[in-house]
Structure formats: structure tokens, C-alpha cells
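Colleague: Listed below are the residues making up each chain.
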Amino acid sequence: MAIIVNLDVVLAMRKMSLTELSEKVGITMANLSILKKGKAKAIRFSTLESICNVLNCQPGDILEYREDSE
Amino acid sequence: MELKKRPLSIKIIYWLTQITFWLVVLVLVGALAMNVAIQAEWLGDNMQLHTVLPVQVNYTEKGTLNIDQTIQEVEFVEAIGKLHFINTSEDIAKWFGVFLIVAIIFLLYIFLMFKNFVSNVYRGIVFERYNIRMLQKISYGLVGMWLFLNIYSWLFYYFIAKRIEFEYLEITGEVDSYGGILLAALLLWVLSYIFMRGVKLREEQELTV
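Line by line, the protein sequences are chains A and B. So the first sequence is numbered by this note's numbering: it starts at 1 and just counts up by one. So the second sequence is numbered by this note's numbering: it starts at 1001 and just counts up by one.
Just so you know, the hints here were simulated from the structure itself, not pulled from any lab data. There may be inaccurate statements among the hints.
Said to hold, decoys possible - Capping the alpha-carbon separation at 25 Å, the derived lysine to aspartate or glutamate pairs in DMTMM-like fashion look like this: (1) A:K36 to B:D1045; (2) A:K36 to A:E67; (3) A:K15 to B:E1203; (4) A:K41 to B:E1203; (5) A:K39 to B:E1206; (6) A:K37 to B:E1206; (7) A:K24 to A:E67; (8) A:K24 to A:D61; (9) A:K39 to B:E1128; (10) A:K36 to B:E1206; (11) B:K1162 to B:D1045; (12) A:K24 to B:E1206; (13) A:K37 to A:E67; (14) A:K39 to B:E1203; (15) A:K37 to B:E1128; (16) A:K37 to B:E1203; (17) A:K37 to B:E1204; (18) A:K36 to A:D8; (19) A:K41 to B:D1045; (20) A:K39 to B:E1204.
Claimed, not checked - What follows is a list of derived Cβ distance ranges for each label pair: (21) A:M13 to B:L1207: 45 to 53 Å; (22) A:S50 to B:L1016: 48 to 56 Å; (23) B:T1208 to A:M16: 36 to 44 Å; (24) A:E64 to B:L1016: 49 to 57 Å; (25) B:L1107 to A:E23: 53 to 61 Å; (26) A:E64 to B:G1124: 38 to 46 Å.
A virtual CB, placed ideally from N, CA and C, is assigned to each residue, including glycine.
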């Protein structure tokens, strides 16, 4: 997929677990796991805003565009 | 998702499909055995082949219709019937044997897909990609069946029907087109396309965080 989710990297930098993020953001672990694994088809602005707010980062820190190498 | 209580109609359709499918399998096995016997020329030249005549026949016969003492004159004009080959020759039997096997294989494929589809619905698996693909496969099978029947009908017309001479009835050039099968295939394909779009929308909805 061309959009890479770097949530695990940001979480590691902030030394925060996925469970902690889930509690602070108010998103289920299942949904955060979908996002972390890069299986999500879309992300709501509200979700992105909450994550950025809790992790104190920019959307660009979490999402990255990479060209498909085929 | 597992269904806790299945409607009676689904149960009836499920069991009817299962029974019909295994009957078709039985017919295929019988047809295969028959074909082996025909191709190996074990049955001789006195087989009684009974086949659908896929060409319209014109026939003129006058009659009367009696309704509440009112007599209405009627005329029988055209029909699609069956043809009986009296003491069928081995060459003809061999060709019909091959056509029969192809037709039954198409039928078996369509029934197999339908059986799988109904089984999934019975188990509560409805709006899933692989279940909807079954519908698509049924529609492709129906298109294949339609093509095969058309080829068969035209071959039948050129090589058999055109060469038959009867005393009172005339075989026309109106070969059956089996439009109903094609229409059913198209309808099924459109339905499966709509369902597939629905599945994609649902997946997108479910995978939106």
C-alpha cells in the first residue's frame, strides 16, 4: 500500500503502549490495531486529531506516502 | 455470522438443492456409463433416442373448441416438439452422447455453484465476497450453457432438422434461441455486481478508523 502508517514508530518514541493510546484516545484496541497494521481503508479526521493530540505530533509523523515499487 | 434460527423456506430450498444436486450427479454418472457403451459400440443399432427438437414446426390442423355450448373454430399452427429416432444408428448416437455429456457438465457446474451458494446462506454466510462470487460463477455458467445450447440447436438444424421430411408438417428455420437463460444470467450478474458493491462498501465502513 502506498500510504504507510508509522503509528508503532511514534508510539515507541513516546514510550506509550497501544492499550494506553486506546484508553486516552477512546478508540477500541481492534480499530487501533487495524490502523497500526496498515489494514485500514480510511481514517476519520476526528480520529487523526485525537491521536495527534495525545501523541503530540503531526499527521505527517503518523502517515507517510511511499510510491509502490512494482 | 451463524444463524440461530433458520426460516423454513431456507431449510426447504437447502434440502431441495442438496437432493437435486446429487440427482444430477447420478444422471451424469449414468450418462457417462451410457456414453462409454455408445462410444464402444456395445449397444448396437437399435437404440431409441428421444430428443428435444429445438426447431419450430408448422402444422395445420383444424379443430373446434366447445365452451358453454359456444363452438369456436381453432387451428393448430406451430409447435416445438420432440424427435424420436427409431432404431438410432451408432453414428448419430455417438454425437448425441457427446452433446449430452457437455450439457450435463454445464448443468452440474451450475448446480454445484448454486448448492454452495445455498449452503452458505443456510449457514448464515450471505454478504461475503466468496459467496457473491458463486452468483457470478452461476451467471457465467448460464452464459456458457446458453452458448452451448445455441451451437447445439444450430448444428441440429443444419445437420438434422433441415434434412427431415414429413408428410404433414413443415420444419421451419426458427431455431430456439433460449433467450430466457441469457436473461437469467444477465440478471444474476447484475445482482451479483450490486451485492459485490455492497460488500465493498461494508468493508470500507468496517475498516474506517
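Colleague: Of all the hints numbered above, which does this structure not satisfy? Sort the numbers upward.
Modeller: The structure conflicts with hints 1, 3, 7, 19, 21, 23, although it agrees with all the remaining ones.
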